[in-house]
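Enquirer: Chain A is fixed; fit chain B onto it per the hints.
Here is what each chain is made of, one letter per residue.
2 protein chains.
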Amino acid sequence: MALSKNKIRAIASLSKKKERDESGLFLAEGEKIVSDLLPTFHCRTLVCTEAFHQKHPHATAEELILAEKEEISKASLLQSPPPALAVFEKPRHAIDKRRIAQQLTLALDTIQDPGNLGTILRVADWFGIEDIVCSMDTADLYNPKVVQATMGAIARVRVHYTDLERFLQENEETPIYGTFLDGENIYGQELTSNGIVVMGNEGKGISERMSKLIRRRLFIPSYPAERTTSESLNVAMATGIVCSEFRRRGL
Amino acid sequence: MALSKNKIRAIASLSKKKERDESGLFLAEGEKIVSDLLPTFHCRTLVCTEAFHQKHPHATAEELILAEKEEISKASLLQSPPPALAVFEKPRHAIDKRRIAQQLTLALDTIQDPGNLGTILRVADWFGIEDIVCSMDTADLYNPKVVQATMGAIARVRVHYTDLERFLQENEETPIYGTFLDGENIYGQELTSNGIVVMGNEGKGISERMSKLIRRRLFIPSYPAERTTSESLNVAMATGIVCSEFRRRGL
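Line order of the protein sequences matches chains A and B. Numbered by this note's numbering, the letters in the first sequence go through residues 659 to 909 in order. Numbered by this note's numbering, the letters in the second sequence go through residues 659 to 909 in order.
So here's chain A without its partners, still in its complex pose:
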């Protein structure tokens, strides 16, 4: 099958959130990420070189289109054409209340920067976090740049978009943590092995509505303790440090 103009247009249109929302599809590009996602997500269309296909003979897709790199580049959003790009169906994970009660879960309250979201997914994967619950206005995971930035973590971490306030209300029996500038020094706090950790917006932090539902307020102290600093940690960095601190206790 050849790469028709219509197909090229349909693939490239997935750079737009509206198209992704309406179609329920997303685009992944590049050898590593496509081969990482193929076993996990349902692939509608796989466009790849003959060489990629031979290297991954068991890759299954509803539609397989073998093409030269130059042809692939017409549909690609990347600067240098990848040997493979694929259109996947967005997964629809249900939130499993029992799992939330037992595990460590991240909750993202209006994370706006796609780069931060990608970095958070990657570090969550490293620390074995299986669910991330996002407010509806958090950046879109299926933005091709985020898909790229997750380095395959998107295949291992379930990301849910939902009414975050309601999610916290419905899981109040699980310990709910959040990081605040006036929270308690995380290093000295008792941390449970299960819980929901809320991370806030890049500029505004955790919103008031969510704050009310957070009983355990944490803070990553700067060093030395007496030094006052007007600066703050980047939210993805803070997420990584918080995850490290929770997991350290469990190892």
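A few of these clues could be false.
Computed list of lysine to any residue pairs in SDA-like fashion (alpha-carbon distance at most 25 Å, straight line) [said to hold, decoys possible]:
1) K690/A <-> S671/A
2) K755/A <-> P882/B
3) K713/A <-> S869/B
4) K663/B <-> K748/B
5) K755/B <-> R885/A
6) K862/A <-> Q737/B
7) K690/A <-> I753/A
8) K690/B <-> K713/A
9) K674/A <-> P741/A
10) K690/B <-> L839/A
Going by beta-carbon spacing under 7 Å, a handful of chain B positions derived as facing chain A [stated by the list, open to error]:
11) V781
12) W784
13) F785
14) A813
15) P833
16) S880
17) Y881
18) P882
19) L891
20) M895
21) G898
22) I899
23) S902
24) R905
25) R906
So the derived label-pair ranges between C-beta atoms look like this [claimed, not checked]:
26) E747/A <-> E830/B: 51 to 61 Å
27) H751/B <-> T820/A: 44 to 54 Å
28) R885/A <-> R756/B: 46 to 56 Å
29) Q737/A <-> R667/B: 43 to 53 Å
30) H751/A <-> Q770/B: 33 to 43 Å
Calculated directly from the structure, the hints in this document are not laboratory data. Just so it is clear, CB atoms sit at the ideal spot from N, CA and C, and this is done for glycine as well.
Expert: Showing chain B alone in chain A's frame:
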């Protein structure tokens, strides 16, 4: 004074490393970063709006040019013109061996991505690290994008470019740490309050030449411990987690 064509050209040329190296100058743009750097670095040229000048009346520069935003935009590398941009002299910090022996210092072995360098500087600032020693082939701190990404940390952390192998050899009496995939679980290791922590290249990790000089090999374990993962942590994230772990012991 007006913003002449020559001046515009000279300012814009600082986007190139060669020009920065030859002139010993660098460019900072934006209200916050310029006002953060003015008290610390010697300013050759400050181009700003009347409003910025009134807000920062004590700002000193060899040459002050008041200009409208539109005029500033001609010299600016940013998409939306900032109210201030400034050309500073690059500082020349000497490496103080006594300070290195007493403090916690980061050493960067060929960090290539400017974004990672900026993030590392910012988290180092948070954790009170005063010196970062970089191999000569580490990304240039004075790249305008890195200057921007450091959020002012560039004014508080001394960054040195030097022969890193020689630096480690000359400071062998100070504990030298590094992170390796086959290192010891950092959470269980004894960490000194002073030391040099080597962080390696994004793809290749720490080079062999440096490895030989590292006695204390650390590793940030993924979770759960028995899960094998082919992925790795981003180097800036790993740096933040390592710094957090060193500082936790000292608080």
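Enquirer: Against each hint, give a clear statement of whether it holds in the structure.
Expert: Right, here's what the structure says about each hint:
Annotation: proposed proximity of K690/A to S671/A holds, straight-line Cα distance about 22 Å (limit 25 Å). Only pairs whose Cα atoms come within 25 Å are accepted, and K755/A paired with P882/B is accepted, the gap being roughly 21 Å. Only pairs whose Cα atoms come within 25 Å are accepted, and K713/A paired with S869/B is rejected, the gap being roughly 35 Å. With a CA separation close to 24 Å, the supplied pair K663/B and K748/B stays within the 25 Å bound.
Proximity of K755/B to R885/A is assessed by CA-CA distance (about 24 Å); at most 25 Å being required, the pair is judged to hold. Taken as a hint, the K862/A and Q737/B pair is honoured in the structure, with Cα atoms around 24 Å apart against an allowance of 25 Å. Restraint check: the Cα-Cα separation between K690/A and I753/A comes to about 28 Å, which exceeds 25 Å; the hinted pair is violated. Proximity of K690/B to K713/A is assessed by CA-CA distance (about 51 Å); at most 25 Å being required, the pair is judged violated.
For the hint linking K674/A to P741/A, the alpha-carbon distance of about 22 Å falls within 25 Å, and the restraint holds. At roughly 21 Å between alpha-carbon atoms, K690/B and L839/A fall within 25 Å of each other, so this suggested pair holds. Because the smallest distance between the Cβ of V781/B and any Cβ of chain A comes to about 6 Å, under 7 Å, the interface hint for this residue holds. Because the beta carbon of W784/B sits about 5 Å from the nearest beta carbon in chain A, less than 7 Å, this interface hint is met.
Hint status for F785/B relative to chain A: holds, with the closest Cβ pair at about 5 Å, below 7 Å. Interface hint at A813/B: violated, since its Cβ lies 11 Å from the closest Cβ of chain A, which is beyond the 7 Å cut-off. The closest approach between the C-beta of P833/B and any C-beta of chain A is roughly 18 Å, which is over the 7 Å cut-off, so the hint fails. Hint status for S880/B: holds, given a least beta-carbon distance of 5 Å to chain A, under 7 Å.
Because the smallest distance between the Cβ of Y881/B and any Cβ of chain A comes to about 4 Å, under 7 Å, the interface hint for this residue holds. Here the hint on P882/B is kept, as its CB sits about 5 Å from the closest CB of chain A, short of 7 Å. At about 5 Å, the closest approach between the beta carbon of L891/B and any beta carbon in chain A falls short of 7 Å, and the interface hint on this residue holds. Nearest Cβ of chain A to the Cβ of M895/B: about 5 Å, under the 7 Å cut. The hint holds.
Taking 7 Å as the C-beta contact cut-off toward chain A, the hint placing G898/B at the interface holds, the least distance being around 5 Å. Annotation: interface hint on I899/B holds; nearest CB of chain A at approximately 5 Å, less than 7 Å. With its C-beta approaching chain A no nearer than about 5 Å, S902/B sits inside the 7 Å limit, and its interface hint holds. The interface hint given for R905/B is met, as the beta carbon of that residue sits about 4 Å from the closest beta carbon of chain A, less than 7 Å.
The interface hint given for R906/B holds, since its Cβ lies 5 Å from the closest Cβ of chain A, which is under the 7 Å cut-off. Between E747/A and E830/B the beta carbon distance is about 57 Å. The supplied range of 51 to 61 Å therefore holds. Between H751/B and T820/A the C-beta distance comes to about 50 Å, which sits within the given range of 44 to 54 Å. Our hint of 46 to 56 Å for R885/A and R756/B is violated, since their Cβ atoms are close to 21 Å apart.
For the pair Q737/A and R667/B, the beta carbons lie near 28 Å from each other, so the given range of 43 to 53 Å is not met. For H751/A and Q770/B, the hinted distance range of 33 to 43 Å is satisfied, since their beta carbons lie about 36 Å from each other.
Comparing the model with each earlier hint shows violations of hints 3, 7, 8, 14, 15, 28, 29; every other hint is respected.
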